[in-house]
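Novice: Here's the letter readout for the chains.
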Amino acid sequence: MILTLPSHAHGLVHARLDRQAGISGFGTLLHLARLNHFTGRDFATAFGFGFQYREDLSQILAFSAARQVRLARVVTGMEDVPEVWHAPAWQPFEGNLWQWIPWRLRICPCCARTGYHTNLCQMPWIARCPWHDVGLLEQCRRCGTSWAEGFKHTNILLQCPCGLDYFKEHALLGRTLAQETQRQGLIGAYLTWAQAQRSTAALIGPEESDPGAKQAIATLVAPPASLRPWASMWHRASYETHRRELWRRPASQCPEQAVRTGIIQYAESFWPGLPGMAKLPQTLCSPLVGVTRELAAGLPDAALTSREREAWSLAPNKHAAGGCSRLELLLLPLQRVVDGLYLDVRVLPRSAYRTLSQLAHRLIDNDPSYAHGASGSHALLADAMSKILAPAYAAGFTLVAGRHLPALYDHPRLRAGYRSPWLLVDRDLQGALSVRIAWSQRRSWTCIELADQTQPKLRRKSRHTKKNSSRAQRLRG
Amino acid sequence: MSAHPLLMRLRPPFATRPIERMTNAILSAIDCEYRGIVIHGMARFGKSWAVRYLTSTNSWLQDSFYSARISVPMSHKRTEGAFFSLWLDRFSMILPERCSALQRQARLRNFLISKCLESGGNLIVVFLDEAQRLFPDDYEHLCTLDNDLTDAGYMLFVVLVVQSDYTGTAMEKIYDGNPPPHVRGRYLVRRHEFGGLNGQEEIAHALGRMDENSEWPEGSGCSYSAYFAKDAFSKGWRLRSHADQIYQRAVRMRGQAGLPAGWTWPMKSFEVCVNYLLTNIAAQRQNFTDFSDEDIDEALKAAGFIELERSRGSERDEE
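From first to last, the protein sequence lines stand for chains A and B.
Throughout, the working numbering is defined as the position within the first sequence, counted from one, plus 65.
Mapping of the second sequence onto the working numbering: position 147 corresponds to residue 137, and the numbering continues sequentially without gaps.
Certain hints may be false.
Just some of the chain A residues that point at chain B, by a computed CB distance under 7 Å [what the hints assert, rightly or not]:
(1) Gly76
(2) Asp107
(3) Ala236
(4) Leu238
Simulated from the structure, these hints should not be mistaken for laboratory data.
Where is the CB? At the ideal position from N, CA and C, for every residue including glycine.
In isolation and in its complexed conformation, chain A is listed as follows:
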């Protein structure tokens, strides 16, 4: 893997740019812009690409292929964009991470002195500079202005309007190139590991913008043995982030047909498409009933009618409210019909439903262990689904029932808001090997969308189509 730029920047002052291992597109721009004393308005002339000041240049140069090519042409004389400029090259899993979490330029103040920036610093699971062991900064330490905002005001990269400037020309033009060997060592080891991981690991997320997910994702990625010398750079798991780790348990023989059928039915209930009633395994009865009871525990006795209490699996209470029962509250919890357990998946938050759908998709369609269930992959994925289902059920239940019973929001845990699940699925030849689940920080209840809200839109759309077609028919007639 090529870690450094292959050639020199012609017509631009640069200092050993070809020896800066792992330097990002933004780092290259910073290096050249500061040494050449270019301001923002010179970038179009000097580097051949335009930008808007509201954009983060580090993000542009990590994702915009057109602008990467233009910068590469100026710097290397060729159109090949160095692989280290692409942000996905630094991810140890497949999937577009930055679609859902916000990108903010992060720098090491010591590396910034020499105009060095690498996309490694942008990864949520990296918290400290591996070479200087200092915390990465997303904003000016003095005034708290983000780097992108500072550039908007000063026109000079990494110079803050408060006057603080981390870049030092004399440091970059020093006789010795700082950290050259160490950088080569780490960047080489990290990229090799990330490349290997990308073929086996996949990130599954709620597929929605989740600003509080960075910590959860950081918790999911664990440092490998090959990067142990730089273990201090890794994000340390916080007690605030709820995390579960599930491993595959190989069985001595294939599971019985009935068990396998049950798991497949369970997964098919969450198959991507229109939500309906999910058939759940019997093992989920106890946890989901427990969730319902815990939520109802905070309600006053007179909040529910006797029939509602029965539907919620609560003990009869003589102080129960009289009058009509609410149909919505009756159908909301788990339903026991003959020998099966059923749940209306429309009660689930849409983000959790999408995550469950993706897991189900992996279980049914992608999992090679379908042919040999003894590996335990099916059981592992089904277990992961259940681990996501319980908190999602609690959140959705609170939201729907909370319309009738606002006291539900007094629950100490749910009061803070909703949290989305993020999963990292590791697989091998026999299917899923492990599943790590981390829940993002709780967000306001207003951001949550329920799965059933897709329905009216679809109906409206179909009605609109029908109306148009009938009008067209009338016109033709």
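Since chain A is already given, all that's left is putting chain B on it; use the hints.
Specialist: For chain B alone, kept in the frame of chain A given last:
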């Protein structure tokens, strides 16, 4: 395969005694930590040729260093940042649309330092050709640049190549007037006059370069003389052996033209004369054995030897 260097336009320079003397003067000034030296000489004596030679090779200085050549353009006045723009432009640097003089100066300083980092040394030798066109303010800019680089631990040495038979520019103020001590102390203390080839020994040395210290095609071991007069060279003929004959014919021609006896041979006419002898006479004559007096006279005429000398004499008369 490309053409022989002597058959190309803009032929490559080769080392001569005047270049060696100029190199020694520069080295001596660098050793004494001066920041510059004035090399003055008359037009067509080969000053720029010498500069081209010295910037094309770095074996004349033991330490690693970065060298560059800048030809100062003619202009009547300069804005504050124009001097630095000139340098940046000559170094093929992309120039931003708007940029303050200070920014240009900083950029130039960074460029020179980065070049030193590439070469691994801490010395920058810049040849300012046509330095008679510099303005007094330009020397101040040079001082500023020198201060910046000295602070950063680098030494900027400027070789001011001046045409001494040229008059009427602001440069005269520096020389004939009273330059400020910081300018004089840095750049104007050391001077060296760049002359032509003096006498037979220097002519023989220059001709000897064609016999021994040249090679084409690369790695073939075939010198320029051997290339154009293969048979004669193999039989022991050497261009160097004509040094005395060429000198005598030149003296005789000068005498006939009524030019003074004391003289030095400008590189321009000498180089054309040698080139003519090798490429037009030796290369095209069947059974070439050596040059006759007529051949040499023909080459001297082709080189415009007398016309060039007369032009200098007439200029002197006008002055």
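Novice: Against each hint, give a clear statement of whether it holds in the structure.
Specialist: Comparing the hints with the structure gives:
| no. | hint | verdict |
| --- | --- | --- |
| 1 | Gly76 | 4 Å, holds |
| 2 | Asp107 | 4 Å, holds |
| 3 | Ala236 | 12 Å, violated |
| 4 | Leu238 | 5 Å, holds |
Of the hints listed earlier, the one the structure fails to meet is number 3.
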